[in-house]
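2 protein chains.
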Amino acid sequence: MTRELFDVRTPPDALRIVLDRLVPLSEAERVKTKDALDRVLAEALCSPSDLPSFRRSTMDGFAVRAADTYGATEGLPAYLEIVGEILMGRAASIELQRGHAAVIATGGMLPDTADAVIMVEQTQAVGPHTIEVLRPVAPGENVVQVGEDVRRGDPLLERGHTLRPQDIGGLLALGITDVCVARRLAVGIVSGGDEVIDPEHSPAPGQIRDINSYTLASLVLRDGHTPRLHGIVPDDYTALEREVRAAFEASDVLVVSAGSSVSTRDMTATVISSLGLPGVLVHGVSLKPGKPTILAVCDGKPVFGLPGNPVSCMVTYGLFVAPTLALLAGADAPTQKRVAARLTRNVASATGREDYIQVRLEERPDGGVDAVPVFGKSNLIYTLIRADGMLKIPLDAGGLLAGTPVDVMLF
Amino acid sequence: MTRELFDVRTPPDALRIVLDRLVPLSEAERVKTKDALDRVLAEALCSPSDLPSFRRSTMDGFAVRAADTYGATEGLPAYLEIVGEILMGRAASIELQRGHAAVIATGGMLPDTADAVIMVEQTQAVGPHTIEVLRPVAPGENVVQVGEDVRRGDPLLERGHTLRPQDIGGLLALGITDVCVARRLAVGIVSGGDEVIDPEHSPAPGQIRDINSYTLASLVLRDGHTPRLHGIVPDDYTALEREVRAAFEASDVLVVSAGSSVSTRDMTATVISSLGLPGVLVHGVSLKPGKPTILAVCDGKPVFGLPGNPVSCMVTYGLFVAPTLALLAGADAPTQKRVAARLTRNVASATGREDYIQVRLEERPDGGVDAVPVFGKSNLIYTLIRADGMLKIPLDAGGLLAGTPVDVMLF
Numbered sequence: 236m237t238r239e240l241f242d243v244r245t246p247p248d249a250l251r252i253v254l255d256r257l258v259p260l261s262e263a264e265r266v267k268t269k270d271a272l273d274r275v276l277a278e279a280l281c282s283p284s285d286l287p288s289f290r291r292s293t294m295d296g297f298a299v300r301a302a303d304t305y306g307a308t309e310g311l312p313a314y315l316e317i318v319g320e321i322l323m324g325r326a327a328s329i330e331l332q333r334g335h336a337a338v339i340a341t342g343g344m345l346p347d348t349a350d351a352v353i354m355v356e357q358t359q360a361v362g363p364h365t366i367e368v369l370r371p372v373a374p375g376e377n378v379v380q381v382g383e384d385v386r387r388g389d390p391l392l393e394r395g396h397t398l399r400p401q402d403i404g405g406l407l408a409l410g411i412t413d414v415c416v417a418r419r420l421a422v423g424i425v426s427g428g429d430e431v432i433d434p435e436h437s438p439a440p441g442q443i444r445d446i447n448s449y450t451l452a453s454l455v456l457r458d459g460h461t462p463r464l465h466g467i468v469p470d471d472y473t474a475l476e477r478e479v480r481a482a483f484e485a486s487d488v489l490v491v492s493a494g495s496s497v498s499t500r501d502m503t504a505t506v507i508s509s510l511g512l513p514g515v516l517v518h519g520v521s522l523k524p525g526k527p528t529i530l531a532v533c534d535g536k537p538v539f540g541l542p543g544n545p546v547s548c549m550v551t552y553g554l555f556v557a558p559t560l561a562l563l564a565g566a567d568a569p570t571q572k573r574v575a576a577r578l579t580r581n582v583a584s585a586t587g588r589e590d591y592i593q594v595r596l597e598e599r600p601d602g603g604v605d606a607v608p609v610f611g612k613s614n615l616i617y618t619l620i621r622a623d624g625m626l627k628i629p630l631d632a633g634g635l636l637a638g639t640p641v642d643v644m645l646f
Numbered sequence: 236m237t238r239e240l241f242d243v244r245t246p247p248d249a250l251r252i253v254l255d256r257l258v259p260l261s262e263a264e265r266v267k268t269k270d271a272l273d274r275v276l277a278e279a280l281c282s283p284s285d286l287p288s289f290r291r292s293t294m295d296g297f298a299v300r301a302a303d304t305y306g307a308t309e310g311l312p313a314y315l316e317i318v319g320e321i322l323m324g325r326a327a328s329i330e331l332q333r334g335h336a337a338v339i340a341t342g343g344m345l346p347d348t349a350d351a352v353i354m355v356e357q358t359q360a361v362g363p364h365t366i367e368v369l370r371p372v373a374p375g376e377n378v379v380q381v382g383e384d385v386r387r388g389d390p391l392l393e394r395g396h397t398l399r400p401q402d403i404g405g406l407l408a409l410g411i412t413d414v415c416v417a418r419r420l421a422v423g424i425v426s427g428g429d430e431v432i433d434p435e436h437s438p439a440p441g442q443i444r445d446i447n448s449y450t451l452a453s454l455v456l457r458d459g460h461t462p463r464l465h466g467i468v469p470d471d472y473t474a475l476e477r478e479v480r481a482a483f484e485a486s487d488v489l490v491v492s493a494g495s496s497v498s499t500r501d502m503t504a505t506v507i508s509s510l511g512l513p514g515v516l517v518h519g520v521s522l523k524p525g526k527p528t529i530l531a532v533c534d535g536k537p538v539f540g541l542p543g544n545p546v547s548c549m550v551t552y553g554l555f556v557a558p559t560l561a562l563l564a565g566a567d568a569p570t571q572k573r574v575a576a577r578l579t580r581n582v583a584s585a586t587g588r589e590d591y592i593q594v595r596l597e598e599r600p601d602g603g604v605d606a607v608p609v610f611g612k613s614n615l616i617y618t619l620i621r622a623d624g625m626l627k628i629p630l631d632a633g634g635l636l637a638g639t640p641v642d643v644m645l646f
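Listed in order, the protein sequences are those of chains A and B.
Numbers in my numbering are just positions in the first sequence, counted from 1, shifted up by 235.
Numbers in my numbering are just positions in the second sequence, counted from 1, shifted up by 235.
One should not assume that every hint holds.
If we take Cβ atoms under 10 angstroms as the criterion, some of the chain A residues that face chain B in the derived model are [claimed, not checked]: (1) L257; (2) S261; (3) D384; (4) D402; (5) T412; (6) L464; (7) H465; (8) G466; (9) L645.
Hints were generated in silico from the structure; no laboratory data involved.
Being a predicted model, the structure only gives us computed values, none of them experimental.
C-beta: ideal position from N, C-alpha, C; glycine also.
Please model the complete structure; the sequences and the hints are all you need to start from.
In structure tokens:
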């Protein structure tokens with residue numbers, strides 16, 4: 236199973252080839268809604284009740300029968316008798332007759348016989364139990380109706396939605412105190428390379444510390460899943476095959492950060508294909524950085540052989556691994572966070588290749604934002620660190636000119 | 236201490252009044268770099284060494300002395316003798332004489348006497364130990380130099396930087412296996428209101444379930460700090476004072492989600508001012524939703540009285556609490572995630588007031604994005620849930636017309 240058997244694919248084609256072979260994992264778990272921030276809903280939710288469940292005042296003032304205020308002006312006010320006060324958090328048991336009003340605070344419950352609230356600022360006290368109303372209110376004015384926020388049976392959130400702070404609050408408002416969410420995926424991570432050592436150790440000449448295991452683990456965490464580091468494997472077929480298989484069996488998704496030489500990459504592809512059918516589907520993507528990416532599905536489980544270069548590794552994670560995790564978790568595609576900016580200098584690109592350029596963002600005095608390319612070889616991790624985001628040069632653009640408005644994908 | 240004593244402030248003025256009274260907390264903690272994702276650096280970091288620490292090949296090919304290849308063409312190749320192979324992860328001990336080459340893989344270490352790498356594709360084997368070189372290479376070609384990624388002593392990351400996946404990888408690449416980060420802030424959250432009940436319970440008429448405690452806790456978590464829920468306090472001065480004081484003493488920052496009536500808000504302001512000097516600094520902001528916001532500093536600790544309405548509560552958290560947490564943690568202001576969109580309909584606004592409008596984003600067939608306003612009263616939590624973000628109508632804009640290009644702040 237060597238590279239030569241595979242055509243180089245465009246990034247969207249390569250991704251589709253993998254996603255077409257996968258189905259969302261069916262396992263879900265119930266968690267407390269208050270602990271479900273950033274989890275992916277595994278069920279569609281409908282409202283069990285009306286919210287609010289009673290008519291509420293949106294102002295401090297007086298619950299009234301609107302008809303009693305019709306025609307009221309400052310010169311010719313309506314006079315109403317205060318027959319009581321509505322206590323917060325209590326059923327409004329006061330019955331208003333014609334010409335009656337009840338003191339009500341913001342959030343208080345309207346009595347059945349009231350249909351509007353007049354703001355205290357639009358009234359004037361003229362006795363211990365009498366107010367002048369200086370303008371009319373319409374029925375429903377300053378009132379939130381039953382079910383105005385959500386009606387019983389209304390769809391609330393779709394399956395696949397990632398829960399945000401306001402979603403947590405909104406579900407709890409309806410008494411939905413636990414929710415069914417997608418299980419976090421176990422993402423196995425294996426780094427390969429005779430030259431790669433644990434970052435806790437001091438490299439001898441020729442050795443480098445492992446970068447990709449930890450960058451990948453952090454990316455997986457950010458995506459809401461569980462990274463499992465399986466350590467560093469030497470460039471030896473038997474060792475690689477053993478470690479990769481063990482990691483594969485313990486994971487929902489496996490990411491191998493392979494070495495950068497052709498022989499290592501071919502060995503990685505062979506090992507991946509040995510894990511199950513159909514095996515390697517894509518070996519080589521028309522992408523820079525990231526060309527030598529391996530995409531595979533083995534016995535229904537996605538396996539990725541990402542380039543060893545840290546920049547390539549991060550770019551290909553974003554293009555291929557992140558959307559695969561979203562599919563398996565049944566999550567809606569996340570909105571990519573972007574900033575509109577203006578490119579400060581020409582960047583070249585080969586046609587027929589999708590290029591990703593790291594950029595630093597700088598605010599201009601006019602309030603706009605400049606995207607300043609951070610150039611560097613794809614094995615220089617600090618080009619990623621000096622950058623705020625990336626921009627894509629489309630397949631056939633052949634580069635971008637200075638001054639072009641661009642959408643920067645933020646890290 | 237009533238509302239009348241305070242002028243209504245613009246949102247930027249209100250925020251500055253609070254931030255001017257605060258200094259970053261000095262406490263920091265050392266954590267493992269691999270566990271430091273999204274933590275805020277409490278130290279500036281410089282590189283302890285050159286990265287890479289040896290010259291590395293970026294290609295599979297042959298380490299050579301560039302001068303030996305000068306003038307080589309396909310018609311008149313240079314002939315080099317292969318004198319050995321450089322093993323990955325090992326010191327390159329081979330000494331190249333004139334006319335010598337050594338097999339090297341991507342990432343391999345260059346021998347001292349080599350100064351370039353010729354790609355294997357640009358050579359041809361003509362014997363077991365001889366290659367033809369079909370084009371010349373310049374000194375340094377296909378080589379990453381010592382310190383080309385980072386030089387010893389180079390500044391790496393500033394104090395206040397929030398660690399991203401690539402930062403974790405980059406620090407570990409240099410053997411920086413632990414870092415000094417700002418302590419997570421303990422953010423106390425108190426909800427007030429006689430009508431508010433725990434979401435686990437069923438509301439009687441007039442009662443509503445607590446929304447804000449959980450929305451606020453989720454926002455605090457997203458900002459990398461530790462929310463501490465102190466429960467729901469009735470609208471009773473003694474109870475409120477006792478609970479708020481206890482929460483204040485246990486927190487770095489206190490957020491009270493007060494009731495919505497004027498009397499409750501005034502009581503909250505009085506309680507907050509009793510916590511320490513100078514007490515309430517702002518009571519009322521020219522902002523919709525969120526006007527009745529209380530901003531205070533008590534004995535050097537920020538205290539917020541946010542409106543009880545869920546939409547107001549979330550808007551004012553973003554405008555006032557989030558930047559305060561960033562200041563206390565010594566964090567750089569985070570880049571607000573925005574999407575450029577086009578407003579689909581007119582929205583009105585009073586001049587002299589900053590308005591926040593919830594919008595739903597919809598992709599247009601032309602690839603652009605529409606921002607569709609989601610209207611609703613500020614006590615309707617589902618207006619936030621149906622929205623993807625918010626847009627700001629500046630203080631004196633007096634509204635925005637349909638078709639205006641807008642920047643949507645994503646939730």
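Interface hint for A/L645, Cβ within 10 angstroms of any Cβ on chain B: holds, 6 angstroms
Supplied contact hint for A/T412, tested at 10 angstroms Cβ to chain B: holds, 6 angstroms
Given hint A/L464 near chain B, where the shortest CB pair must fall under 10 angstroms: This hint holds: A/L464 lies near chain B, its Cβ roughly 9 angstroms from the closest one there, short of 10 angstroms.
Interface hint outcome for A/H465 [beta carbon to chain B under 10 angstroms]: violated, 14 angstroms
Chain B contact restraint for A/L257 - C-beta distance below 10 angstroms: Violated. Min distance 24 angstroms.
Hinted contact A/G466 with chain B - closest CB pair below 10 angstroms: violated, 13 angstroms
Supplied contact hint for A/S261, tested at 10 angstroms Cβ to chain B: violated, 26 angstroms
Interface hint outcome for A/D384 [beta carbon to chain B under 10 angstroms]: Hint on A/D384: holds, closest Cβ of chain B at ~4 angstroms, below 10 angstroms.
Satisfaction of the A/D402 interface hint, Cβ to chain B closer than 10 angstroms: Status holds, d = 6 angstroms.
Of the numbered hints given earlier, the model fails hints 1, 2, 7, 8; all others are met.
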